[in-house]
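A.B. asks: Since chain A is already given, all that's left is putting chains B, C and D on it; use the hints.
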Amino acid sequence: MSIWEKLTSIPREVIMGLVVIAILIPALNPLGLPLMVGSMSENWYDTVDSLPAGSIVLFDIGYGSGGYPSLGPGNIAAFHQMFAKNLRIVMMATALEGSMMYPLIMAGVKPESNYGAVYGEDYIFLGYIAGGQTAMAGVLGDLKSLVSSDYNGNPISGYSIMDNVGGADDIDLVAYMTTSGDTAEGWVYQAYSQYNRALLGGCLSMMTTSIKPYYDSGQLLGIMDGIKGAADLEFLTGHPGDAIVSSDILSFTQTLVLIFILVGNVAFWMQKGGGK
Amino acid sequence: MVSLDPQVWIAAFLTIAATSYAFRDNRVFKLAENTFIGVAAGHQIVMGVKNIRDYGWSHLAQGEMIYIVVFLLGVLLYARYSKEYYWLYRYPIAFLVGNGVGISIRAGIHSDFIVQIAQTATPLVASDAMGTINNIITFVGVITALSHFIFTYESVHQGTLGWGPKIGRWMILLALGASFGNTVMTRFGMYQGRVVFLLREWLQII
Amino acid sequence: MDYRRDIPLAITFIVGVIAVLDYYTTFESVTNTFTVIKNWGVVLQAFALGLGAVNLFRIHGKRISERTRDDWMFSGWLLLMLVLFVVVGLGTGQYDASTSYQWIYNSLFLPLGATMYSSLAFYMAYGSYKVLRARNFEAALLFITAVLVIIGNTPIFPATFPVFFHIREWIFGPIVSGAYRGIRIGVGIGAVVLGIRTLVGLETGYLGRR
Amino acid sequence: MAILTPNRLVPLAAFILAWVATYMAIQMGKQGKIKIRRMPALDAIEEIVGRSVEMGRPVFDIIGMGTFTDIYATQTIAGLSILSYVSTLCARLGAKLYAPQASVDVLPVATEIVRESYRLEGKEDEIDIAEQMPYLSGTQFAWASGIIGMAARMRPAGNIMIGPFWAESMMFAESFDRIGAMQIGGTARMYQIPFFAALCDYVLIGEEMFAAGAYVSGDPQQIGSIAAQDWYKLAALALGIIGALLATAGVTIIGDLLSM
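Residue numbers (this note's numbering), protein chains in the order written: chain A, 494 to 769; chain B, 72 to 277; chain C, 3 to 212; chain D, 222 to 481.
Next up, chain A with everything else stripped away, as it sits in the complex (with noise of 0.2 Å):
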């Protein structure tokens, strides 16, 4: 067997057990290295920047398990700049178990002892509410026909914030963060070309070339890219958190995958090319 066709075969577990020492060396030891920060994250901090105190924000987590490690940073990277602003957040949740991030996100933030924030006055979570664009169609046409109660079963009657918030009328900002398409490109659908509202998207960085249309047309005017975005918006905000930590990992792990890459190719070549 030459050089080249050792080289294409390096068995499975061998490139596996690269992965996670280069996942753990920068773990350890962290590198701190600077960040530049993309346009698409400093459109979504300059939006949300530019909204005046008291604006009705309605923010869908739009996301579960499977988008908490990178969405869930930059989750809480964007409620600690809507909160530093005084805005008042209405959160729903469209994913099944993004009423399950609620007690998570909210953990990081801690909205009350860092901002002074109340619930029921500065935010309420209304909970997961089935059916997808239907919900969304559902909360910004008559949110009041729809929603009585609030995720811990109160009625949202006895809330202030809810009380001028009947639809899309009373909402400023739609912001949502989802791993799901269906989700990225309904809030596009009911909340942009139904309500013209101003819409902002949070998304896993590999969904982001395909929602980048509605981005270049504004109808998104900002897009949280990933794990990269919510590192931008951690810096941004002044609240490094797991996102920035990740870069370093990201280093190293995505260096590994080039020199993969490079391997692949240059033995795949070699051999083509009668390097037997």
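None of these hints come from the bench; they were simulated from the model. Ideal Cβ placement from N, Cα and C applies to all residues, glycine included. One or more of the hints may lead you astray.
Which chain B residues face chain C? A few, computed with CB under 10 Å, are given here [to be verified]:
hint, residue
1, ILE81
2, LEU85
3, ALA89
4, ASN105
5, ILE214
6, ALA216
C.D. replies: Here is chains B, C and D on its own, set in the frame of chain A:
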């Protein structure tokens, strides 16, 4: 000092079990897989019942008797399992499909078609040279990618015109490469979160 | 008029047309009617959430009773996990807001959901090594931008050579915007035309058996 | 009070025209006036089924986890057309087909289609629906693991994945490649197209999948709607090109018209 919280220990065990599949299929992974299937279906029921309570029963309790019809339609979804009355399940499914398709395509023609054409029908020349070059590349990308998806006019794919779809396929492949690259970051960005959990909350060494 | 097929098709058509009218007209009555339809849709979707579990009980229940395959104990464990979540979730009466439900979610569902999804990183690494080849011209095109974007996403490179950051931003400019807008226009009209066929009853796969 | 919602006249016109175009195109389809060009990936389907017969190994046809009520119902329908074509080929050539299912409301339709294909080929006894078309799971990764487990056991010679796919597409493409299966990937879910393009032998990009579904099914409805979509794409091309040139010359009539 290793964590003493049983919740962290169970989560750590399942994290390792779920990762083990990447190395080799094994019975510990099968346990994790079946746990995953079971808890996911259980969670669906819990959230389903809560939603039925919050968005259905609450209306009934306020005297909106029409919701009895909605509950009946909901139950009919389960008629699909009966040999004789399976067709009854078509009534709720027909309602959901009409609602789902209608709510989506009514806006799809607007934001996925009309708005995108309007965005293309914009000036190619920008204030600076680089801006103009970028506009032209974007414009060529849209037009040739679109021509690649013409299926019933063979003439579009032949002769000089045929260069359109050919270049279109190349532009699409370049864009797909960018998406592939971003997906590498997505996966590693997620898995590092699990390793940080194992090191920070389980073994507590970082 | 076959009440087994024609009435459901009529329901799909009527509900779909009301959804479209709600978007394109300003009639108060249409908007109110569609609000009712949306509110009903949420409840029906909630009912549909139980279908998966019923199917699992049928399949895994059969496996346990017949002990056909050697892994029937896994089926037993699966149903046990399902029942555990249902009992804790419904038993507390607080559903997902109850701390004991959150405890079993954070112990069982969160680590599995987060790891299953992310363990794809290993497939990515192996796939990049074994399969991502610049075998021909077309594959080379995808290969070039993939590598340049990975470099741009690897913080150590843009931090030392900022040009890599700008190359990535540029690729996500004209290259991605142009091609993906073309793809999205095509997919958009494709979904609309097929959606129309569904509403008018030409596409009836969803009705199931003849 | 305007009856029509402002700034949506053109989308409304486009939407109504789409109903008319679809109806007209289907009539032309019925009269055989429309021909869809043949995609190379379709020749590959026959190559794969033939290969699996020669190697005496099964062929997988996976239509994805879509349902009839989600935004991707259209892709599930195209996947079912391909499944019908593949199962007919398998019945005719004697290849063993595996088509595991993930969606409770698609399962009865898919099994009906395969049973119909085998019945038309007079080979109804050669298909064991329960064993060859099992319901694995409605949950993404349990579904993916189920498929990969089946593939590891069955060692298929070919794998056809046409329908809506999510993150599991990467796991499938890599795992089936490891077993040495020849693969066709096709989806209109944009996030997953890169994997099929990078890792499969043939790829149907975006709506080539709908065209393939129409081509193999020969169904005038599907062929007609492909034609209606082409008319709209040609209109988009014309408006885009003319609009951009006029706008460059300072005349923004097309852009203004579209946002009426």
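A.B. asks: Does the nearest C-beta of chain C fall within a distance shorter than 10 Å of the C-beta of B/ILE214?
C.D. replies: 7 Å, holds
A.B. asks: Holds or violated: is the Cβ of B/ILE81 closer than 10 Å to a Cβ in chain C?
C.D. replies: At about 4 Å, which falls below the 10 Å cut-off, the nearest Cβ of chain C leaves the hint on B/ILE81 intact, so it holds.
A.B. asks: For the restraint on B/LEU85, tell me whether the closest CB of chain C is nearer than 10 Å.
C.D. replies: With a minimum Cβ separation of about 4 Å from chain C (threshold 10 Å), the hint on B/LEU85 holds.
A.B. asks: Let me know if the C-beta of B/ALA89 comes in closer than 10 Å to any C-beta of chain C, holds or violated.
C.D. replies: 4 Å, holds
A.B. asks: For the hint on B/ALA216, just tell me whether its beta-carbon gets within less than 10 Å of chain C.
C.D. replies: 3 Å, holds
A.B. asks: Quick one, is the B/ASN105 hint okay against chain C at 10 Å, beta carbons?
C.D. replies: 4 Å, holds
The structure agrees with every numbered hint stated previously.
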